[in-house]
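Can you build the whole structure from these sequences, using the hints too?
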Amino acid sequence: MQTEIVIAGFGGQGVLFAGQVLAYAAMDNGKEVTWIPSYGPEIRGGTANCTVIIADEEIGSPMVRHPQALVAMNLPSLDKYESAVIENGTLIVNTSLIERPVQRDDLHSVLIPANEIAESLGDKRMTNIVMVGALLAQEPILPIEAIEAALQDHLPQRHKKLLPLNYQALREGAEFVRKERIGQKT
Amino acid sequence: MGLNPPVETVYKRPETFTQTTTHYCPGCTHGVAHRLVAEVMEEMNLQEKTIGVASVGCSVFIYNYIDCDFVEAAHGRAPAMATGIKRVLPDRIVFTYQGDGDLASIGMAEIVHAAARGENITAIFINNANYGMTGGQMAPTTLPGQKTTSSPTGRDVEQTGFPIRTAEMLATLDGAGYIVRRSLHDPKNIRKAKKSIRLAFETQQRGLGFSMVELLSTCPTNWGLNPIEALQWIEERMLPVYPLEDFKVSPSLSQVRV
Amino acid sequence: MAKELLKGNEAIAEAAIRSGLEAYFGYPITPQTEILEWFSRRMPELGRTFLQAESELAAINMVYGAACTGARVMTSSSSPGISLMMEGISYIAGTEIPVVLVDVMRGGPGLGNIAPAQGDYNQIVHGGGHGDFRPIVLAPASVQESIDLTIEAFELADKYRAVVVVLIDGCIGQMMEPAELPPMQPIQKRNQEWAVTGAKDRERRILSSIYIDPEDEEVINFRLLERWNEIEANELRYKEYFMEDAELVVIGFGTAGRVALSAVRAARSEGIPVGLLRPITVSPFPYARIKKLTELACGMLVVEMNSGQMLQDVLAAVGGKIPIEFYGRMGGVVPLPDEILAEIRRLCYEPVAPSADPRKSWMKRMDIAKN
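Listed in order, the protein sequences are those of chains A, B and C. Residue numbers for the first sequence follow my numbering, beginning at 18 and rising by one. Residue numbers for the second sequence follow my numbering, beginning at 87 and rising by one. Residue numbers for the third sequence follow my numbering, beginning at 65 and rising by one.
Within a straight-line C-alpha distance of at most 27 Å, the following computed BS3-like cross-link-like pairs (lysine-lysine) qualify: (1) K135/B / K253/C; (2) K264/C / K135/B; (3) K135/B / K98/B; (4) K98/B / K264/C.
Worth flagging that the hints you see were computed from the coordinates, not collected in a lab.
Structure representation (C-alpha cells):
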C-alpha cells in the first residue's frame, strides 16, 4: 500500500512545511515515508512543490509521474499537475486563488476557499494547514490526531504559540469537506 | 693561565639544519634563506612544535634540509594546507616556504585568503623573478624587459602585464600582522632578513595574524649570470621594482626585541 | 535512538559529527550546501573546526593539511566543485592518508544545473585525479544508508589510509526520510604513527606524495594496488531484491537503483521474474557477483542517471554472455518507475542479441520517443 501526494503552490505558502507535517505524522505512525522538494532558484519566490510518499514497505522512487493526490494551492500548480493525478485520485483545490473550474471529471475534487477559512481564523498563514485538513478528510491516509501530534512535536519552537490555531485550521479544513459531502447527499 | 686562548664558538651549523648537501645551484640564495629559518627555529626553540609546508618549486626538497616535521603541498596550495594543519593544531608553529611562481601565480588565491583570514601562519616567500625549477620561465614577478625562456625577447608589459608586488598587496589586508620585504644580496641585508623571519615567527607565536617575509633571491643559473653578478643584479635591477620595506607591522610587535 | 525525519545532506553532516569528525573545510555549491551550513552551526558549538574556504581547491587542500595531522576530517561538494578538488584528491591518495569526501552529484557537464544526476561516476570511480590509484566509493540510496555509509566511510578511510567518497545525488541530498542517527562518539585523539604533529620525543616525519625516483614511485603504485586488492576482497557491498528466482536482472545504484526498485516491484506484480542488484560500493564494483548472475539470468538492464558510465563496468563483468540493455536519463532528469517498467517489459518480451550495443539501441529508442 502506497500513497503519493504532491503539494504545490507559491513559495511562502507553506507548501514544503505542509508536506513535512504529513511526513512527520506518517513516521510517527510507523509508516515508511519520503519527502522531496523541488529545490534551488526555482523555489525562491516562485513555485514550490514537494512530493510525499507514504507506504507500508521500503519506498523505491521518491517521485512519481501519477500521484494519488494533488494539493493545489494556486493556479500554476493546478495547471501543471492536474493532468498528472492518477485516475480516481484526489484533488484539493484552493479556490481562494484558483478561479477556473477543474477540468478532470475522473477525480475526487474538493474545492475549498482555504485562504478565506484561514483569514476567518485570524491568520492567513494557516492556509496550508487548512488544505492538509481537507486532504485528510477526503483521503484518510492518516488520522487528524496524528497530524496534531506531529505539529505538537515538530512545529518550530518560535511558532509553538500558534499550535491551537494550527489545530483549528486542520479541523476547519476537514469540517469543510464533511459539510460539502453532506450538502452533496441532500 | 694556559698557553691556549679561550675558545668561543661564533658560528656553527644550527641543530635544526640537517647534515646534508643541498641540491641548489652554486650561488643560489635558497640555502641562505633555509639557514636563516633554521637558525630562527633553533633560537626560538621551535623545532619540536613546528610543521613546515614545502611547496612546488626549487625548494620542493626543503624537508631534506630543515629538520622538523614537514608536509609537501600541491603547487600553490601551501597556505591552504598550512591552514588545515594550524586549525586542528593551533598551538603548533606552521610555516610555508614558497617561490614566486607558487605563491604569486598559481597560489595567489590561497595566499590572499590566508592573509585575509588572519591565518596564524608564516609564509617565507622567495622572489627570484622567474620560475627556477622548470628552467627559468617568466613569473608574475619577472621584471619588465627581463629575458626568460618563455619571454625570450624580454617581458613585454603590453602583452604580459606588470610585476606583482605581493608584499604591498597583502599588507592592505586587515588579517595581516607582519608583512615585509627583505633581500639576500649582501651580509647586512641577510642579517635584516633573519631579524624579520624571527619577527614573523614571533607574530605567529603571539597570535597576531598572518605573517610573510618576501625575500629577494638569486637565480644565477636561469639569469645567466655568475653568483656575484647575480647578487649585483638584485641590487641594481630588483630593488628599484621591489623596495625593501616594512609594509605592515602589528603594533603589538613593537615590544618584541630580537 | 528513535527515528527522526532527516534531510539527506544534514543527516550526512550529523553522522560525520557523531563519528568524531574534528574538522570540516568546504565551499558552498547547490545541491550540497546544507552539509556546509549544518557544519557551520554544529562544529563551532562543539568546539571543533569549521572553515568556509575560498574555493573547492583550497578546501580539499585544507583537508589534506588537517588529515596529515591524523585528525578525522572531511569535505563535501557537488560535481563542478569535485572537478576542482581532483588535484587534492590525487595528492591525498599519493600521500596515503585517510580522507572522506561527499559528492552530491548534479547535472552536467560544465555548469549544467542543480538537478540530481549521476554523471560523476567516471570522474570518481575511474578517476579521482591523476595517477594510479582508486578511491573507495560508497553509493547510498536512502537517508538511513547515507548515515550508515558516512560512518563506515571514516572507518574504511582509516583502515586503508585511503580516500573514501560517499557518492549521492541531489535527490538523496535534498529528500527527507525517517532515519536513525548513531550515538555521539567523542573525538578520539588518535596517535597515528605517520601523522605530522611536531617532532617531539620522536623522529621527525615527512608526508609527501613526491617520489622523484620512478622506481620508488612504482613501489608506491604497487603498494596502493595491493591495498586495493585487499579492499576488493573485503569491502564489496551490494543489495539484492527479488533475486531468488529472477530471470532478468536490473542493475542501478543510488537514486536510479531505488527508482528501479519501484519498477521491479510493478513488473513482479505483472508476473515478470525480475530482480534488482543495487551496488552499494561502486568502487570496488561487484564484478564477480554480476558475472555469477549471468549464469542465472537471461538478460540484464542497467539503469543510470548518465549516459551509461557504470554500464561499461557491467559489460566488462558480463563479457557478452547474455544480452544487456541500457536505460539512462541525463542532464539532471530523474527517470520515473514507469519508464523503467517499460524497459523491463521490453527486455522480457522482445529479447535482444548479446552482441547488440546497448547504448546505441537506447539512443535510438530515446530518439523515437522524442519524435
